[in-house]
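Engineer: Sequence:
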Amino acid sequence: MTQDTTVTAADDAESGGGPDRTLPGAGDRPPVGRGWTARYTIASTGMWLGVLTPMGVQLARQAEKFAPESKTELLGLATGVGALVTMLAVPLLGAASDRTRSRFGRRRPWIAGGAAVGALGLALLSMAPGPGWMLAGWVVAQLGLSSVQAGLVATVPDRVPREQLGSVAGWAGLSQMLGALLGTVVVNQLVKGLSAGYLACAALVLVAVVPFLIGHAERDARAGAGSRAGDDARAGQGLWAVAVEPKAPRPVVVTAGGARRGLREPDVLWTWVSKFLVVLGFALITQYLLYYLTDELRVPDPQRATMMITAVTVLSAMASALGAGRWSDRVGRRKVFVAGGGLLMAAGGTLMAVAPAWPVALCAGLLVGAGFGTFLAVDLAVVASVLPSARDTGRDLGLFAVAVAAPQVLAPVLAVPVLAVAGYGGLYLLVALVTALGGVLVLRVRSVA
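According to full-length UniProt numbering, the residues represented by the sequence shown are 1 to 449, in order.
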């Protein structure tokens, strides 16, 4: 494997020979206001709606329509291929945004273009005549939405001061749950049919990013288009201008060596593994929830039951995300919230494994939502605190996006044999194991309280 050693040397020379932990948001940023946070949350909600609604509802229905006898395998293939696209695309697109030099800044072009491509993919899904087109449409949608994700996530350490990271991360976590809830309501209650559901998701993705694209101030990022002094003056006026080096941009190179440099730091590695395991547990729950309710609990109306559990999970997550984010800022501690979130999810998984009944499933949804909301609220603050380089924020956050995408690939690979051998009880015991382990492992991080 080839390592981009030239970039490493340049980075080390500029940072004094070691990792640059003077991250954006380390105290030199003006506070973000409610308007900025609201616009960011709306854009992030739209992005997650475009991702999670197909994964949680639409793809399962489409797989059952196209292949009723092998719906589980087709759903696993679709979600796995889409997640693989995300796993590869987000680090590449994040690195590309780090090096982008445009009059609209570094992040906004990728958010705008990604929303357009993502909406196109969702439109293709609405017209899919068979499994092949279903897979193709989902790949296009995931590629575009990965670009939106890369741009939005990198904006947080670009713009948010450290003392507000927990609060903004709480809203970011809330947006994921809100996107899932809103999407479920739209496709189950407000529109009828697969095609209309996909088109509604496409429209909402486009509408959601517009306020952020208009309201987020990024200066002209072309080389020589401004000075650091000018940036500081604008920052003092409440606008953030992305720092741009007054030299030719380096080429976008994302190699195994670059990834290893990011994960070489022990704190980065433990944070990555923790996130991977918790998201894996959540993916195992959500991807097979409809089939669990249909085949294991045999509820009369599985789609309505799915919406009810999703609503309980999301509302619980919303409350816990906002509370945990603000509380962690107030007490100055992060790890205990991440660990507690993983353990709450493990409790929910255990309930689903040992007591397969409809009332228990609702209680489990409450616990899983509270745990995942707490985890999401504080995890982004932990990630932003352990990033090794301010110059490669998009690339490094892209590595953490892999910790979100890779579980989507691994979940069906694990679930199919576990279901064959141990049924849904075994599947949800696996959920309990990986989420508990993911929560506890964050305690190994040394640089974060």
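If you are wondering where the hints come from, they were derived from the structure by calculation, not from laboratory data. Fair warning: this is a prediction, and the values are worked out from it, not measured in the lab. Don't be surprised by glycine CBs; every beta carbon is placed ideally from N, CA and C. Do not take every clue at face value.
Claimed, not checked - Derived DEER-like restraints, expressed as beta-carbon distance ranges:
1) Pro-300 x Gly-425: 18 to 26 Å
2) Pro-266 x Pro-417: 28 to 36 Å
3) Leu-297 x Ser-70: 20 to 28 Å
Engineer: Which hint numbers doesn't this structure obey?
Structural biologist: Structure breaks no hint.
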